[in-house]
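With chain A held as given, fit chain B onto it using these hints.
One line per chain: the protein sequences are A and B, in this order.
Reminder that position 50 of the first sequence reads as 50 in the working numbering, one-by-one numbering, no gaps.
Reminder that position 242 of the second sequence reads as 242 in the working numbering, one-by-one numbering, no gaps.
Please keep in mind that the hints were generated in silico from the structure rather than gathered at the bench.
Incorrect hints may have been included.
As the list claims (entries may be wrong) - If we take Cβ atoms under 8 angstroms as the criterion, some of the chain A residues that face chain B in the derived model are:
1. Lys12
2. Met15
3. Leu16
4. Ser65
5. Leu199
6. Gly200
7. Phe205
8. Ser208
9. Ile210
Stated by the list, open to error - Sample of chain A residues facing chain B (criterion: CB under 8 angstroms; computed from the structure):
10. Thr9
11. Thr71
12. Lys203
13. Leu206
14. Ile207
15. Lys212
16. Pro303
17. Thr305
18. Ser306
19. Ser309
In this text, a Cβ means the ideal position worked out from N, Cα and C, and glycines have one as well.
Listed below are the residues making up each chain.
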Amino acid sequence: MTLIEDTLTLYKREMLIFKSHLRTNIIRSAMFPIIFIFFFGSIGSSSINVNVAVVNYANNPQSLSFINSLTSSRTMSITSLTTQTDALNQLSEGKITAVIVILPSFPKMSAGNPAVDVYYSTSNFEAVQAVLPAIQQAAGSFDSNILANQRSYGNTSLRPLYGTTSSYVVFLVGGILSMTVAFGMTFGTGMSLITDRQLGNLKSFLISPISKDSIVLSKILAGATEALLYIAITLIVGSLDGVGIAMGLAGLAWIVIIGIMVAIGFAGISTILASRIGKVEVYTIVAQTIVMPLWFLSGAFFPTTSFPSFMQPIIMVDPLTYATQGIRNVMMLGYYPLAQIALDLGVMTAFMAFGIIGSILLFKSYTD
Amino acid sequence: MRNIIEINHLVKRFGNFTAVSDISFNIEAGQIYGILGPNGAGKTTTISLVLGIERPTAGKILVDGMDNMHNKAKVKQMIGFMTQETIVDSDLTAYENLEIAARLYHLEPQETRRAISTALEEAELTEFKDKPAGTFSGGMKRRLYLVKSMIHAPKVLILDEPTTGLDVHNRVQMWEHIRELNSRGVTIILTTQYLEEAEELCNKISVIDHGKIIATGTPSELKRLVSKGQILEIITTRDGAAKIAKLLQSAFRLQATVKEDKIEAYMESNPLTIFSDVLNRLMKEKLPLISISMHLPTMDDVFIKLTGSSLRDSVGENKSDRSNVMFRR
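Only chain A is shown next, with the shape it has when bound in the complex (with noise of 0.2 angstroms):
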């Protein structure tokens, strides 16, 4: 019981200095997410740069002028191949983003068997969702029946998602925020145990009676409080550069439970590094060197798969890929699939697990 009412007293304290250097943390960590949206979230805005094939197995005028509009639609770049195992190669390789069939009856089939299928790769979902409706659009100006049969195909995409589609910054939000929230840890809770440390704060509460583990916890549960706030401002900033949650109220929420993750985790983390680190130039350096490439490998900028193998095992490992995933998934798609949630929150979780139990363990074992 003591254990609670001990954080419960430290927790007031971090929250009242944090209070009374409330406008000083409202602009810290607004820059770096006003930094990065608004001047790298303006990178390949162009939206015609889908590359789309097409196999036209019908060659009939009608099919023709439906490749027209296709083209005339300008929401994509169209190349036209011989066959349909070609044009699936090229879509695995990551060459192209689609491949659309036309089928030989073109234009005659019913609505249970359309006369046009449309392959996509899963993992370049974003891009195309700008061009579904094109093709659908141009599709049924000959019959309202045919409609685009659409298939996902594999998700071997290796194709980059920036330059391709016009939303790089809503694909960036969700990088800068876990990343807002990793660094506002690392360099307000860490920082904190050292000044307190230094300024023998610590050692204030080490000849009080309340539980180490307090301290620890407190830092912890003041990290996720703060985290709160990084979260808003970041979605703030997103918002005035019409950056929108695309599964709306419960995306939110689910990037708030993230974020909080994130926040624990790395508070933990941190509170590991600061219980062995007394000097802030060295924490600092240290930091950095963990904090940086983590974010780096997690996706922020452009996607995974775009990094090369030797690096993959390093990005499975990385939490905040699993961050970053989770919140692109509803702030881009709309949808958060229960497999997917299962991974992320499972990896998340036992990030957080290793961040408490660590800290507390290797503070006890300093102070001891």
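Relative to chain A, chain B alone:
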């Protein structure tokens, strides 16, 4: 008097370095006990051991009869601590500082409110209670820190160099505070750099060097331990000084040092006899005499004699502190 703190064969090693080497001493309830020693002698380690933030390599410490490693929470509740740095949260108000401290010592809510208002009054900070401590002057912060350290009404207060860096006025005020607390029954343990402070305040002093206690006693006991003699001090005129010094040398075989109009000489044995002889002789010779007195060696003399050094500054590991504190959230 009963012993409130008993230290038995205390040893603390850090790797190969022995910071505290088999120390034993008792502190009676109600005393002001001084721990003196040069830097790096083991004072701070001894205090950390008493506070229970370091674990002894061997030996034990009993606080009010309880082993401080086994009854950590109870022992910590009985001890207050104040160091030479002023530890208050400058971002928090005076009230908040005291409130957090009270809650860390698990005071009941009602008790907390009472303790805080008493503390604010004692520190003369009642009208500034809602101002951040960072806006306070050095003296105000120091007073806030003292009442914060005492918020849980401890039986023992440990002061680690409480007046280092304070000006004369604040130092005297701090001494009064310490005496006042002591008169209320609080046992005080004090480490200090200032020998006159130890002499002024302490009932009993232990001198520590190289992790060992080399002498324990009241200030005057310590002085007598160093020598049985006394120091003769004569104030005269400038012209008289040389003549008197010459006389002391020839008639009494006293080695005199002259500083302008002041003469000092060390009387090794029978100081009282020598003193009266010197006085008679000076009167007879009609030498100019403004004052004549004798006194025990100063604590400085004791210290130098016992530790073989004045309060030296040791050069150890470089621990820069505040210059590093650039980022406070």
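Status of each hint after checking the structure:
Annotation: interface hint on Lys12(A) holds; nearest CB of chain B at approximately 7 angstroms, less than 8 angstroms. Hint status for Met15(A) relative to chain B: violated, with the closest Cβ pair at about 11 angstroms, above 8 angstroms. A cut of 8 angstroms between beta carbons decides the hint on Leu16(A): the least distance to chain B is about 5 angstroms, and the hint holds. Below 8 angstroms, beta-carbon pairs count as interface contacts, and Ser65(A) has none with chain B, the closest being about 65 angstroms; its hint is therefore violated.
Taken as an interface hint, Leu199(A) checks out: its beta carbon lies about 7 angstroms from the nearest beta carbon of chain B, inside 8 angstroms. With its C-beta approaching chain B no nearer than about 4 angstroms, Gly200(A) sits inside the 8 angstroms limit, and its interface hint holds. The beta carbon of Phe205(A) comes within 7 angstroms of a beta carbon in chain B, closer than 8 angstroms, and the hint placing it at the interface holds. The beta carbon of Ser208(A) comes within 4 angstroms of a beta carbon in chain B, closer than 8 angstroms, and the hint placing it at the interface holds.
Nearest Cβ of chain B to the Cβ of Ile210(A): about 6 angstroms, under the 8 angstroms cut. The hint holds. The beta carbon of Thr9(A) comes within 4 angstroms of a beta carbon in chain B, closer than 8 angstroms, and the hint placing it at the interface holds. A least Cβ separation of about 57 angstroms between Thr71(A) and chain B goes past the 8 angstroms threshold, and the interface hint is therefore violated. The closest approach between the C-beta of Lys203(A) and any C-beta of chain B is roughly 7 angstroms, which is under the 8 angstroms cut-off, so the hint is satisfied.
Because the smallest distance between the Cβ of Leu206(A) and any Cβ of chain B comes to about 5 angstroms, under 8 angstroms, the interface hint for this residue holds. A cut of 8 angstroms between beta carbons decides the hint on Ile207(A): the least distance to chain B is about 5 angstroms, and the hint holds. Hint status for Lys212(A): violated, given a least beta-carbon distance of 10 angstroms to chain B, over 8 angstroms. Here the hint on Pro303(A) is broken, as its CB sits about 34 angstroms from the closest CB of chain B, past 8 angstroms.
Taking 8 angstroms as the C-beta contact cut-off toward chain B, the hint placing Thr305(A) at the interface is violated, the least distance being around 37 angstroms. For Ser306(A), the shortest C-beta to C-beta distance to chain B is roughly 35 angstroms, which exceeds 8 angstroms, and the interface hint is violated. For Ser309(A), the shortest C-beta to C-beta distance to chain B is roughly 39 angstroms, which exceeds 8 angstroms, and the interface hint is violated.
The structure fails to meet hints 2, 4, 11, 15, 16, 17, 18, 19 from the earlier list, while all remaining hints are met.
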